[in-house]
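J.: Sequence lines, in order, name chains A and B. Start counting at 1 in the first sequence, then tack on 18, and there's your number in the working numbering. Start counting at 1 in the second sequence, then tack on 13, and there's your number in the working numbering.
Rather than coming from a laboratory, the hints here were simulated on the basis of the structure. Even glycine gets a Cβ: it sits at the ideal position worked out from N, Cα and C. Careful, some of the hints might be misleading.
Partial list, derived from the structure: chain B residues whose beta carbon lies under 7 Å from chain A [what the hints assert, rightly or not]: (1) R110; (2) L116; (3) I119.
Think about it this way: if two alpha-carbon atoms lie no more than 16 Å apart in a straight line, the pair counts; the simulated EDC-like pairs of lysine to aspartate or glutamate are [what the hints assert, rightly or not]: (4) A:K26 x A:E97; (5) A:K26 x A:D80; (6) A:K88 x A:D64; (7) B:K19 x B:E37; (8) A:K36 x B:D191; (9) A:K46 x A:E89; (10) A:K26 x A:E74; (11) B:K129 x A:E67; (12) B:K129 x A:D64; (13) B:K129 x A:D95; (14) B:K19 x B:D40; (15) A:K46 x A:D77.
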Amino acid sequence: MAMTNLEKYDKAFMVNLKVKKEQLPGLKYQGIATWDSVGHMDLISDLEEAFGIMMETVDVMDFNTYEHGKEVLAKYDVEIE
Amino acid sequence: MERPVKIVTVTDSQTTSNGYVLLEGRDAIVIDPNLEGEIVETLEKYQAVPGLAILTHEHADHIRGLEALRERYPQMRTVASLLCSERIQDIRSNLSRIFGVYLMFITGERVLDYPKFTCRAADVMFEGRLLFSWHGRQFALEGIPGHSPGSIGILAEGIGLFTGDSLLGDRPVITRFDGGSRQDYERVAVPYFQVLDPGLTVYPGHGEPFLLRDGILRDDVQEREAQEKEGPGQEAWEKEGRIAPCTPTPQK
């Protein structure tokens, strides 16, 4: 069965930032050691690949929490529900 | 007296990576084939043909021109550490997967067309150390993981030391990329540099050549910790809502 957008979104965080599902709510950039600038690049690259999009610079910079990331992706018509 | 080897530096303005072409008569060695076009131009200018391409490490900005060069010069043999050879075959390990985003951090602009690519395995692979002679000069290639698992140093007799991104003259070494290791850097790479002649000329993967004694023997994590103790550099970025870059602004 195909993964939902939410599952893809969560997976990108869990794989790239090495966190568990229960850690996702409230997660923010530089809130944990693995979400630094290098982790951010991995995360963004995976999300772009997963959703077939290419994010603008301002959005890559603006993508700073687990929750706000969903709003950023909505600009690219990717609904995470 | 030994005839000096001519060294031509090819710098990629997009990524600031350095590739080097060593010329001895019509024979050449390419170290880090970053830009196929400019390397070919150099080779043709000197009517030379590359017998070897040596990779200091597996990252995209240092190998982007490799496959095109291999097609153009089928006799050229590619030399790399075993791990480097494995990792150039994977877009995550060679960083081409993230390079478009990475360049945004160091240039401030998004590079939308950076290709995700892989290379074929090297023709000559080694673990530990590889020694060979080229026109009477000894080359010693040695694994120095830290910046990446496949990183090597190339000590070329009478020429200098090619360090890739494992030792730079104007910025600390990054050890946080995929497979990088601060522990390996301190355990293997730093002692490797410390026993060599400090007066050696270093040809780095980015920036201008420098003397070994002037190289920055620390990684970006140490640098960040020092900055956090010293001042508000990181905070200033945060207040602006921006993410601090993981390397300083590249040279113009």
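J.: Tell me if the straight-line CA distance from K19 of chain B to D40 of chain B falls inside 16 Å.
T.: The hint holds at about 11 Å.
J.: Are the Cα atoms of K88 of chain A and D64 of chain A separated by 16 Å or less?
T.: Roughly 14 Å separates the two Cα atoms, so the pair holds.
J.: Straight-line Cα separation of K26 of chain A and D80 of chain A no greater than 16 Å?
T.: With a Cα-Cα distance of about 20 Å, the restraint between K26 of chain A and D80 of chain A is violated, given a limit of 16 Å.
J.: Holds or violated: are the alpha carbons of K129 of chain B and E67 of chain A at most 16 Å from each other?
T.: 11 Å, holds
J.: Do the numbers back the hint for L116 of chain B, that is, is its least Cβ distance to chain A under 7 Å?
T.: Since the shortest Cβ distance to chain A is 10 Å, the answer is violated.
J.: Going straight from one Cα to the other, do K129 of chain B and D95 of chain A come out at no more than 16 Å?
T.: Violated: K129 of chain B and D95 of chain A sit about 24 Å apart, past 16 Å.
J.: If you draw a straight line from the CA of K26 of chain A to the CA of E74 of chain A, is it 16 Å or shorter?
T.: 20 Å, violated
J.: K129 of chain B and D64 of chain A were given as a pair; does the straight-line alpha-carbon distance stay at or below 16 Å?
T.: Since the Cα atoms of K129 of chain B and D64 of chain A sit roughly 12 Å apart, the hinted pair holds (cutoff 16 Å).
J.: Hint check: is the beta carbon of R110 of chain B less than 7 Å from a beta carbon of chain A?
T.: Check passed: Cβ of R110 of chain B comes within 5 Å of chain A, closer than 7 Å.
J.: Verify the proposed pairing of K46 of chain A with D77 of chain A, using a straight-line Cα cut of 16 Å.
T.: 15 Å, holds
J.: Going straight from one Cα to the other, do K46 of chain A and E89 of chain A come out at no more than 16 Å?
T.: 14 Å, holds
J.: Quick one, are K26 of chain A and E97 of chain A close enough, alpha carbons at most 16 Å?
T.: With a Cα-Cα distance of about 11 Å, the restraint between K26 of chain A and E97 of chain A holds, given a limit of 16 Å.
When held up to the earlier numbered hints, the structure conflicts with 2, 3, 5, 10, 13 and fits the remainder.
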